[in-house]
Structures are given as C-alpha cells and as structure tokens.
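Student: Next come the chains, spelled out residue by residue.
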Amino acid sequence: METAHKHPRYLLIWLYLALLTAAELTLAFELPISRNLKLVILMVLAVWKALLVAMFFMHLKFERWNLRILFIIPIPLAVIFIFAAITEKIW
Amino acid sequence: MTHATASLMRPPFPAERGVDAHNLKLGMWVFLASEVMFFTALIGSYVILRFGAPGEWAKPGVVLNIPVTAFNTFLLICSSVSMVKAFAAISDGDQKMLKVWLLVTIIGGAMFVGIQAYEYTHLIHRGFLPSGVREGSELAELVANGTLPAATMGLYGSTFYAMTGFHGFHVTCGVVAMAYLYLFRVRRGKYSQQDYRGIEAVGLYWHFVDLVWIILFTIVYLI
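Chains as they are written, first to last, in our numbering: chain A, 1 to 91; chain B, 1 to 223.
Worth flagging that the hints you see were computed from the coordinates, not collected in a lab.
These numbers were taken from a predicted model, which means no experiment stands behind them.
Some clues are possibly wrong.
Said to hold, decoys possible - Derived coverage of chain B by chain A (criterion: at least 3 residues anywhere in the stretch with Cβ under 8 angstroms from a Cβ of chain A; other residues may be distant): (1) 82-89; (2) 108-117; (3) 153-166; (4) 204-211.
Said to hold, decoys possible - Just a sample of chain A residues kept apart from chain B, beta carbon distances all over 10 angstroms, derived: (5) Thr-21; (6) Pro-32; (7) Ile-33; (8) Leu-45; (9) Lys-61; (10) Ile-90; (11) Trp-91.
No residue lacks a Cβ here, since even glycine has one placed at the ideal position from N, Cα and C.
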C-alpha cells in the first residue's frame, strides 16, 4: 500500500482543469492570433492539463522514479516515430 | 556443473524496494505504458496524414459540434475528480463516500458515452462518415460551395472516427469495470482502509482515459 500522505487538494486541480479548458475554447475560437501561434499555445495547454491529471490524479507526483519511468519511456518513442514518418521523404 | 551448483549455493539477494507498488498497480502501469503506445500510434498517424494531406483540412467547428464536446470534456474531467475522491474516501476508510463517489463516476462515464453516441448519430445524419462526406447530405453542400475542402474529407472522417471511436471504447470498458467493482466489490464491503487495490488500479485506468481525451479534444476538435 502506498505510504501515508495527506491527500492533494483535488478540487483545486479540478478548478485548474476547468479554467484551462475554458481558456482553450476562448483561444481556439475567439482570439484573432496567427494559426501557428494558436497551435503552439493550444498544445502547451493540453500538455499542461495532461500533466496535472498524471501528477495529481494518478499520483505520479508521489511515486518513486522507478515507477514514473515506466510511463515516461514510451513517450520519446512516440516522438521519434512521428518525426521519422514525417521526414520520410527526405531519407 | 560446478557453475550450476555454485549458483544454487548463492545466498539470496537482499530485499529491494523496487517500484513500491502492489502487483495490481504495477500491472496496470505496465498496461498503461502499452496504451500510451497504442494511442500514440493513432495520434501519430493522424499527425502524419494531416501534414501530408493534399490540401487544407476542414476548419474546426464547421463539421464537429464543439459546445457539446466541450461539455463532454468537462464531464469527463468531473468524473476523474469523483474517481479520485472515491479513492481518497476508501484510503481514509470511508465506505459510504466510496459508494457515492464511485456511483457518480459511473454515471459521468456513462453520460460521456451517451453524448458521444448522440454526437455520432448527429454527424452521420449530417453526412459525415468514416469514408468522408455522404452524397446529397448537408455537408456535401458545404463541400460543393467550398466551405469544406473536398480533398481531405475522407482522411478527416477516418482519422476522426478511429481516434474518438477507440477512445469511446476505452471509456465503455472503464464504465463496465467500475460497474463490476461497484456491484460485486464495493457494495459487499470488500474494500477497507487496509486494502483498496482494485479501486486504485481501475482509478489509474480511468484517469488515463481522461488524459488521452484531453489531448484528443485539442488535436481533433480545436486545431
């Protein structure tokens, strides 16, 4: 069983997630900024939300690195896969 | 031969802390690592197809119903919170609140699937199919008058239904798993402050499904 720690403030995380979702929607449909900038900011917001879920709801923040690595290892593989396939015609 | 004897005689290694996770939790994490690869294969294919597509992609909000999906996203985030509240309740030994929060999570998850089914029927009715746009439909007119790009609608349809369909399938599996836990474990009082491994493992799965949706919502609906 996991070691005793005080529960994180889940409702605060929920509020963060709700606000970030609202920010995404406003950004995607209301703000008149360039498409590429929008794309970058939207991806940052999405990764931020995903990290909040992984760190607090999945308790990765409180786990040992041995376990965190399990989850992190496939992610660089995904990036390599996408990069390799996109640049396929070059090589 | 001497080697085999020597290894038999070797004293056991001292105990290590390892990953500090019980078997069910470790198993779930290994499964989730494979799920990361599964979804990145889908998302990766989508990115590649979109980059290599012969022309523009449909603008967000023209085909898909953003307000309904935004509500659905919020619903899934709420059900993730209620799941973690169920976990917190039983780790404090509170059986009653475990029941309440788990039930809230099941209802939230089932509503998500229901709204997605509604979204699908609505899209198909408007003429958005996995193979592209149905002839003579409302969307076909938008393609004809140039609002939607004709060249990429097939790719759009197939990637959309593949990604959201597989995600919806995962949500459905999660709802079934939680309903099983609720009916056959939680209601019979099988979990206690000392042992709530099932709740923890299914909770991890549920949060992962939420995490995947957060990424999908952005790349499918908003970009």
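Student: Now tell me, hint by hint, if it's right for this structure.
Tutor: Verification of the supplied hints:
Only when three residues or more bring their CB closer than 8 angstroms to a CB of chain A does the claim for the stretch 82-89 of chain B stand; here the count is 4, and the claim holds. Interface restraint, the stretch 108-117 of chain B with chain A: violated (0 residues with C-beta to C-beta distance below 8 angstroms; minimum three). Here's how the stretch 153-166 of chain B fares: 0 of its residues keep a CB closer than 8 angstroms to some CB of chain A, so the rule of at least three is not met and the hint is violated. Taking a C-beta to C-beta cut-off of 8 angstroms, the stretch 204-211 of chain B contributes 5 residues in contact with chain A, enough for the three needed, and the coverage statement holds.
Consistency note on A:Thr-21: stated as away from chain B, yet its beta-carbon is not over 10 angstroms from all of that chain's, at 6 angstroms minimum. Remark: the non-interface label on A:Pro-32 is consistent with the geometry, its nearest Cβ contact in chain B lying 14 angstroms away (cut-off 10 angstroms). The non-interface label for A:Ile-33 is consistent with chain B: the shortest C-beta to C-beta separation is roughly 14 angstroms, beyond 10 angstroms. With a least CB separation of 7 angstroms from chain B, A:Leu-45 falls inside the 10 angstroms interface cut-off, contrary to its annotation.
Separation of A:Lys-61 from chain B is adequate, the least Cβ-Cβ distance of about 13 angstroms exceeding the 10 angstroms criterion. Listed as a non-interface residue, A:Ile-90 keeps its Cβ farther than 10 angstroms from every Cβ of chain B; the least gap is roughly 13 angstroms. Under the 10 angstroms C-beta cut-off, the non-interface status given to A:Trp-91 relative to chain B holds; the minimum distance is some 15 angstroms.
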